[in-house]
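**Q** Using the sequences plus the hints, can you model the full thing?
Taking my numbering, the leading residue of the sequence shown gets 4, the next gets one more, and so forth.
For the record, the hints were derived by calculation from the structure and aren't laboratory data. Mixed in with the good hints, there may be bad ones.
Stated by the list, open to error - Derived DSS-like pairs: lysine-lysine, alpha-carbon spacing no greater than 30 Å straight-line:
1) LYS111 x LYS37
2) LYS200 x LYS226
3) LYS111 x LYS34
4) LYS200 x LYS84
5) LYS223 x LYS37
6) LYS107 x LYS37
7) LYS84 x LYS111
8) LYS34 x LYS200
9) LYS200 x LYS223
Said to hold, decoys possible - The calculated label-pair distances, taken between Cβ atoms and stated as ranges, are:
10) CYS187 x ARG98: 39 to 47 Å
11) ASP206 x TRP231: 32 to 40 Å
12) ARG44 x TRP231: 23 to 31 Å
13) GLU221 x VAL201: 23 to 31 Å
14) ASP206 x ARG98: 41 to 49 Å
15) ASP72 x LEU203: 16 to 24 Å
16) ALA205 x ASP120: 18 to 26 Å
17) ALA122 x ALA50: 39 to 47 Å
18) GLU85 x GLY36: 41 to 49 Å
19) PHE97 x SER186: 36 to 44 Å
20) GLU85 x GLU199: 31 to 39 Å
21) ALA220 x ALA96: 36 to 44 Å
Backbone N, C-alpha and C define an ideal beta-carbon position, used for all residues, glycine too.
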Amino acid sequence: MCSARDELQRRKQAVRDRCALQGIISSDWRKGGKAAELLRREPWYQAAGLIFVDPSPQLLQVRINCLLDGKQLIMPGPGLKEGFYRFFPNTIAFRDLPHAVSMKGLTKFAGKMSRADFAGLRISLLVTGSLSADACGGRIGDGQGFFDLSHAILAALECLASDAKVVTLVGREQVVDEPLPMSCWDVPVHMIVTEEKVFLPADAPLSPARIFWEYLAERKIRKITPLWWLWAGNGGREPLSGLQR
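**A** What follows is the structure, given as structure tokens:
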């Protein structure tokens, strides 16, 4: 008999399978430049001095724009194993920007963040890609969960602004009317930007403000540096079920 969690995962996978059949693969989306320019005009973006952007290829122009527009940029490293990296504006030659803000250039051009580096930081905008997003702010990612986990870690490190907003960039065909299945750790979005327009979801649910340790295997915690900081710093007392998210 399937548990409620298994059923939720089955429904999520059905959405991903449908996207695959329709040729919607988030990392292959070619319209990111147009959407990035629309985001650039939004007050939330313009007011932000420190922005988290995931490493998805379709968000390349968003990452470049952040540095061109004088903002600090935070990106997660591969698999989050080494945690997060921070870029400062006006430190990278224009010709090097596309490579610098890619996974291949990240470790050369950005500084790996220690735990002390997070003290006093306030990230007010987080940008991610999605396979699909709905009119109520739900989203489906690629199934690896690294954006949701990044958000949870940053919240636990107390470096998210109290009014931090989450934005996703998707193709217009990826926006659906019906509510998407969401797990307890899934982060909803406050704004959806396509190559054509900006959507503000109505009544987006609150973002989860904690790490769901009960769904993380200890081996995963030990592999991801910032998770280990938080767990070990609490004496390893967080509940662990051995379940893998």
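**Q** All hints are to be evaluated individually against the structure, with a verdict given for each.
**A** How the hints compare with the structure:
1. LYS111 x LYS37: Holds, at about 28 Å.
2. LYS200 x LYS226: violated, 39 Å
3. LYS111 x LYS34: holds, 27 Å
4. LYS200 x LYS84: Roughly 35 Å separates the two Cα atoms, so the pair is violated.
5. LYS223 x LYS37: violated, 37 Å
6. LYS107 x LYS37: holds, 24 Å
7. LYS84 x LYS111: holds, 16 Å
8. LYS34 x LYS200: Roughly 12 Å between the alpha carbons, so the hint for LYS34 and LYS200 holds.
9. LYS200 x LYS223: Distance ~38 Å between LYS200 and LYS223 Cα, so the pair is violated.
10. CYS187 x ARG98: 39 to 47 Å: holds, 44 Å
11. ASP206 x TRP231: 32 to 40 Å: holds, 36 Å
12. ARG44 x TRP231: 23 to 31 Å: Since ARG44 and TRP231 have Cβ atoms about 40 Å apart, the given range 23 to 31 Å is violated.
13. GLU221 x VAL201: 23 to 31 Å: With Cβ atoms ~42 Å apart, the hint is violated.
14. ASP206 x ARG98: 41 to 49 Å: holds, 44 Å
15. ASP72 x LEU203: 16 to 24 Å: holds, 22 Å
16. ALA205 x ASP120: 18 to 26 Å: Once the Cβ atoms are compared, 37 Å apart, the range 18 to 26 Å for ASP120 and ALA205 is violated.
17. ALA122 x ALA50: 39 to 47 Å: violated, 22 Å
18. GLU85 x GLY36: 41 to 49 Å: For GLY36 against GLU85, whose Cβ atoms are near 29 Å apart, the range 41 to 49 Å is violated.
19. PHE97 x SER186: 36 to 44 Å: holds, 41 Å
20. GLU85 x GLU199: 31 to 39 Å: holds, 37 Å
21. ALA220 x ALA96: 36 to 44 Å: Holds, since ALA220 and ALA96 (Cβ atoms, about 42 Å apart) stay within the stated range.
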